[in-house]
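Undergrad: Keeping the supplied structure of chain A fixed, place chains B and C upon it in accordance with the hints.
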Amino acid sequence: MKRAAFILAANPLTLVGVMLVMLVVMAAALADVIAPFPAHRGAVVDFLNFNKPPGGDYLMGTDVVGRDLFSRILYAYRISLLMAVVVLAIAVPIGVTLGLMAGYLGGRWEYGLMRVTDVFLSIPPLVLALSILGVLKPTLLNGMIAITAMWWPWYTRLVYNITRGEKAEGYVLAAEVTGASRAHVMFREILPNCLPAIVTKMTLDAGFVILIASSLSFLGLGVQAPTPDLGSMVAEGARYLPDQWWLSVFPGLAILVAVFGFNLIGDGLRDILGGDR
Amino acid sequence: MTALLDIRDLRLSFRLWSGTVEVLHGISLSIARGERVALVGESGSGKSVTARIVLGLIQELRGARVSGQVSLDGQDLARVSPKARHALRGTDMSMIFQDPTSSLNPVFPILTQFREVLARATPGISLDSARDRATSALHEVAIYEADRVLASYPFQLSGGMNQRVMIAMALANRPKLLIADEPGTALDVTVQAQTLDLMRALVASHGTAVLFISHNLGVVREFADRTYVIYRGRIVEHGPTAAVFGNPRHAYTRALMAAQPRLTGGPLPEITERDPAFDAPAEVHS
Amino acid sequence: MILSLKDLGKTYASGPHAVQALAGLTLDVAQGDCLAVVGESGSGKSTLANLILGLFPATTGEMIFDGAPLPARRTLAHRRAIQLVQQNPASALNPRRSIGASVRLPLDVHGIGVAAKRDEAVTRLLADVGLDPAMAARAPSALSGGQRQRVAIARALACGPRLVVLDEPTSALDVLVQAQVLRLLHDLRLRLGLTYLFITHDLAVVRAIATRVAVFHKGRLIEEGATEAVFAAPSTPYTRSLIAAVPVITEEEKAMRDTLARGAS
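Residue numbers (the numbering used here), protein chains in the order written: chain A, 28 to 304; chain B, -3 to 282; chain C, 1129 to 1393.
There could be a bad hint or two in this list.
As the list claims (entries may be wrong) - Reference excerpt, derived from the structure (chain C facing chain B, CB under 8 Å, subset only): (1) Val1305; (2) Arg1311; (3) Val1333; (4) Arg1335; (5) Thr1339; (6) Leu1370; (7) Ala1373; (8) Pro1375.
To be verified - FRET-style restraints, in silico, Cβ to Cβ: (9) Ala1265/C / Ala278/B: 32 to 42 Å; (10) Asp294/A / Ala1265/C: 27 to 37 Å; (11) Met1263/C / Leu57/A: 42 to 52 Å.
I should point out that these hints are in silico values taken from the structure, not numbers from a laboratory.
Treat the numbers as computed from the prediction; the structure is a model and nothing was measured.
Where is the CB? At the ideal position from N, CA and C, for every residue including glycine.
Looking at chain A on its own, in the form it has when it is part of the complex (with noise of 0.2 Å):
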């Protein structure tokens, strides 16, 4: 713990990346308390306030039905944090996993799994993601799925790395020469010591999943409306801009922030937990 407080204390930018993500995680569990307008964040309509600039009750202004920006992006990060956590929460293990197997096990698994990897990988994660919505209809829950199913080689490719490395130590000798199951090698020898890529990682990946989420519903692909999602609302005021400037420039500031945020606590963790070894 100490030796964190010394770090973050050499790299004040990861504390700025913490208070950045801790405002959004706030500003989405609190969004029905801070929201002005929380009604907003659905269906609702007022003609008589459309489109007005930021100011007096409305924060960020309002969108061309009249919904004020600020609640609705309150309530948009709440789409946004929960896309990054389902998409780590399925991509990351089943990554990992494959990743430990080809690693430890060689052989075919390793031939198998590894090609698998290299197509996956060798496909624009975009496209990837806009085939798999041009099959299953845009919905939130498939936008989640496509991206997971483009996330995951990325972990597997990272593990198996670090899994190759691993196997020449003396401690997997130690626990294969004392009968320990493949298993329990890899998850319980070599995976510890994968831990510290992983958890990095995932911090920095938290903001590209919300920037990818976000680019899939600025295509129409993810969140429908009414729904709040900070990329469906940039692509919304898109064609406003420049006059009502605030339809894409809040949310699109809101993007900004969280992925600038998870950004910089990835590097920091990256410092904190690397020199362990």
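TA: Here is chains B and C on its own, set in the frame of chain A:
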């Protein structure tokens, strides 16, 4: 006669997150021209760090505090600029390391690395001159198929061959001082013996002084004229090698001798790793 | 004989690039002995250790352990009976496990004792190797090289093996620590009735700890016998050259070495 290398009251500490760690508590050491001096100690004693301070490598680390005097040929190394100190490396003083294969750059052939070394003393040296000088340097370390070796990469040569290449490179610019950090430790015992014989002959013929760092008592005894024994950042005994080995006075030196298994056999000794007697003041043999 | 090797051999690859790491090895190891396996790089000593540990199958010959042949695929019982202490203690312990957990692993794998009592067994094992049992919760990075090697020894002995392969166990240790660990290994062997296969390149260590010596050169066993006999009168020039190359610190060792060297030429 002034000493070639004169270290006086050298102190080193590192500032870490957990506080300040003192590594050297006032080391004094001197090497005359052409003399072979050994610095013997266990890991953590500070012997490697001392060598790196002479080369000026530690001073550049963040958090390192160095005090005391280190003079090479009368020049106080603390007073010269980092640039001047850098200029001395590879020319007036050079170093060889423990594991030869990993100390050589794996992506360049030997000739390229040799040329870089020679260029330190003769900037802009031509490839042909470099090849000629490298070839004669290799002959000096009993490598006669110089062309093949110069064209090879380090991984293509054996450990013993790489060690000899490293010695040749270290002595190519005729340095006044050679620092050898546990040389030969990574080699087979027969190869190590040959390498040390070779090194001894070469430094004698070139008149190079040697600071020989080791934890291996046998090697030190066969190689060094004088020996310094270092324990936890302090010199605890020093003097001519024969005197120190023949009549060790300090408790730590005696423990080291007793702990060394003998080729002639004998019972396994009872050793205390951290005996308070080891902190006794230094013993000097004149 | 606890271990009998008959015409044991291992060849890597085949055809023109085949490497014969070990060939035609026939050797017996008596229970309770400390057999030193000596050789330089390429001698085959590591291959021999790996074969005995069952890390890969032999190409030729067989190994008889405790009267029964050792198969290529080892059972849990085999694993329990033959254990290993490695050269590099830093690498041999999982940096993400406490040393107590590392020592406990063999107990868990072989189901020794009641799960709830295993921590007590770990305490006893740590004390047996001269470590403070309170260190059980520490990570390997908090220990010195000598302490880590003791942990590795405790782990190797945890499941009560009969044969322990020690692969240069003290080569990475400082002189004082080496002396302590050698002493510990010697005492443990006598107390627990263990048999050691002690691989080393250091002939002085061989003299200090081994009851018998087997000298290997380029994959073949060239000399074998009781330690005293081999050192007093080595029968091959290679053995003599090995002894002659050892750097020594006393005059009497020097005299011995010179006598042997003269005998060689």
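Undergrad: Hints first: check each against the structure and report whether it holds.
TA: Hints and how they fare:
no.	hint	in the structure
1	Val1305	holds, 6 Å
2	Arg1311	holds, 5 Å
3	Val1333	holds, 5 Å
4	Arg1335	holds, 5 Å
5	Thr1339	violated, 12 Å
6	Leu1370	holds, 7 Å
7	Ala1373	holds, 4 Å
8	Pro1375	holds, 3 Å
9	Ala1265/C / Ala278/B: 32 to 42 Å	holds, 39 Å
10	Asp294/A / Ala1265/C: 27 to 37 Å	holds, 31 Å
11	Met1263/C / Leu57/A: 42 to 52 Å	holds, 46 Å
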